[in-house]
Amino acid sequence: MSFKSELDMLQYICLNFSKQDILKYAVEYKQPFLYVVRSVLPKVISFIKEDSELQFNMLLDMTAIHYPDRSEPFQIRYLFYSSKLKKRLTIYIFSTEDVPIQTISNVYLNADWYERELHEMFGILFDYHSDFRALFLSDCETYPLRKDKL
Amino acid sequence: MISDGYFMNISPMPATGMGIIRFVAQVDGEKILEINPFVGFSYRGIEKCMEQHNILGGLIFSEKVFSDGIFQSQYPYVLACEKMLGLRVPKPIQDIRVFLIELTRIKVHLRIIANIATDTGIIVASPLISKMISRIKGTISKVIQSPTLSFFRPGGVAASIHPDTKQICLNLLSEISIFTQEMKQLIDNSIFKSRTTDKGILKDNDVFSFGITGINARASGVKIDVRKDNPYESYDEYDFEIPTKKSGDCYSRFLLRFDEIYQSIYIIKRIFEKFSGNYNVVQSTKYDLDELKLPSESIYQPTESSLGELGCFLVGNSTEKPYRCHFRSNGISVLQAINSICTGCDLTDFRSIVSSLGIVMTEVDR
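From first to last, the protein sequence lines are chains A and B. Under the numbering used here, the first residue of the first sequence is numbered 14, with each subsequent residue one higher. Under the numbering used here, the first residue of the second sequence is numbered 62, with each subsequent residue one higher.
It is worth saying that the hints were derived from the structure and are not from the lab. Cβ atoms here follow ideal geometry from the backbone N, Cα and C, with glycine treated the same way. Fair warning: there could be bad hints in the mix.
The calculated DSS-like cross-link candidates involving lysine-lysine, where the alpha carbons are at most 25 Å apart (straight line), are [as the list claims (entries may be wrong)]:
| hint | chain 1 | residue 1 | chain 2 | residue 2 |
| --- | --- | --- | --- | --- |
| 1 | A | Lys100 | B | Lys306 |
| 2 | A | Lys100 | B | Lys125 |
| 3 | B | Lys306 | A | Lys99 |
| 4 | B | Lys192 | B | Lys306 |
| 5 | A | Lys62 | A | Lys17 |
| 6 | B | Lys264 | A | Lys99 |
| 7 | B | Lys125 | B | Lys198 |
Computed from the model, here is a short list of chain A residues facing chain B with C-beta under 8 Å [unchecked claim]:
| hint | residue |
| --- | --- |
| 8 | Lys99 |
| 9 | Thr103 |
| 10 | Thr109 |
| 11 | Glu110 |
| 12 | Asp125 |
The calculated label-pair distances, taken between Cβ atoms and stated as ranges, are [what the hints assert, rightly or not]:
| hint | chain 1 | residue 1 | chain 2 | residue 2 | range |
| --- | --- | --- | --- | --- | --- |
| 13 | A | Asp21 | B | Pro292 | 54 to 62 Å |
| 14 | A | Val120 | B | Glu358 | 23 to 31 Å |
| 15 | B | Asn250 | A | Lys37 | 53 to 61 Å |
| 16 | A | Lys32 | B | Gln87 | 45 to 53 Å |
| 17 | A | Tyr80 | B | Glu381 | 15 to 23 Å |
| 18 | B | Lys125 | A | Asp82 | 24 to 32 Å |
| 19 | A | Lys43 | B | Ala220 | 27 to 35 Å |
| 20 | A | Val53 | B | Leu231 | 55 to 63 Å |
| 21 | A | Val112 | B | Ile184 | 51 to 59 Å |
| 22 | B | Val85 | A | Lys99 | 34 to 42 Å |
| 23 | A | Lys32 | B | Ser357 | 23 to 31 Å |
| 24 | A | Arg146 | B | Leu231 | 50 to 58 Å |
| 25 | B | Leu231 | A | Lys37 | 49 to 57 Å |
Bound conformation, chain A alone (with noise of 0.2 Å):
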């Protein structure tokens, strides 16, 4: 099976997942993102590389976000890609500073470094990862990139 667009991907990952897990899923600029609670990230991120249809074996990207004014104000964003379908796909989850995520670098073995990234330039944290040394910035006191510290 393949799938004939972006959307019938995305409806095809919501269809296994119950509509509380799943927060919004969209195209914008030809390009499909998923917004799913912290909570099941893992299981989400498990079943979108084991699927046969899917296969999203690599983590391209990782990002984050900071948002102040909210009341989960960090944004991180997941790029994979699929090397079955030839396509990206963006999940989205929201954090705060003192509840940890669940890392995915045992999965994605180059998550390790941008985990390392994320906590170094705005201070989040990940579950399970071993390492936190500053990646890039070795003495600084501060989260360099939240918007709150200008």
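Starting from the known structure of chain A, fit chain B onto it as the hints suggest.
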């Protein structure tokens, strides 16, 4: 446990114009048991700077991401701005951009080939290639008739190009194709083969688990190319091929760079076949970029640079300045895989392995 293993600093590397990185290797005799890269020596906070400037100001910072290929570095940012603002780029300007990008690709590949040759002991190749690179640079500045800095603009290019561009570039291309064949004959000898074959093998499952794209992935048999997967600008009009190799060692990465150069030459020739009009009519951008506001949306624009996927993630909030700007670099994935590539290899092969991977530290550190 290792009985007489010790730690060794290998730094600064890669030395030739690719930025600074420090490696700490755990070695047993001459064998590398484990290698750890330390990055951040050229961190300039480009992402933070771009949040504080408008679209035109951010253009200057976007050039610094990959300073060896200025056009390739600007390209994802420019495309992302265009998509967000809904600016339409005329077909001739798209062609000019693709032509300049491919010429830069040739230039960067030649630079990396020179580095591989120098690190394997063929030092005679580097001055010859440097001469060719400055020839390409000279042609670029002659053709675009303006400074290379911020030539690409959202909505077009900064100035109209030289009226004799076609003739100048076809002459250059014929020179390049003869030159690359000569270089291949010069470098590709039995000593070079013995120093690169089966050295620094990147396995295809490592490509997937570390998210490596670009030439390093294609040398391991994984066919990934943004120009084919999601074509941007006028790339879908040129029926170029994506060359791949299977073994994933230093030698296949070296050969693949030559194949990519031939494909780039092919693309540029196709552009000039189709585009036979008067180059003088190509106008520069008409939009006043200081007043345009980015909408409250986000976009990720991937492009295929010489090093791999270089993407720009842009978030707007209805002001002139982007709310967040992030660059996806391929080097950060390659550096994480370097431990699995280099474990078990000799210390003497390490330099050539690193230069064959084509790591540029300005792109990793940002």
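* Asked: Which of the stated hints cannot be reconciled with the structure, identified by number in ascending sequence?
  -> 2, 4, 10, 11 and 13
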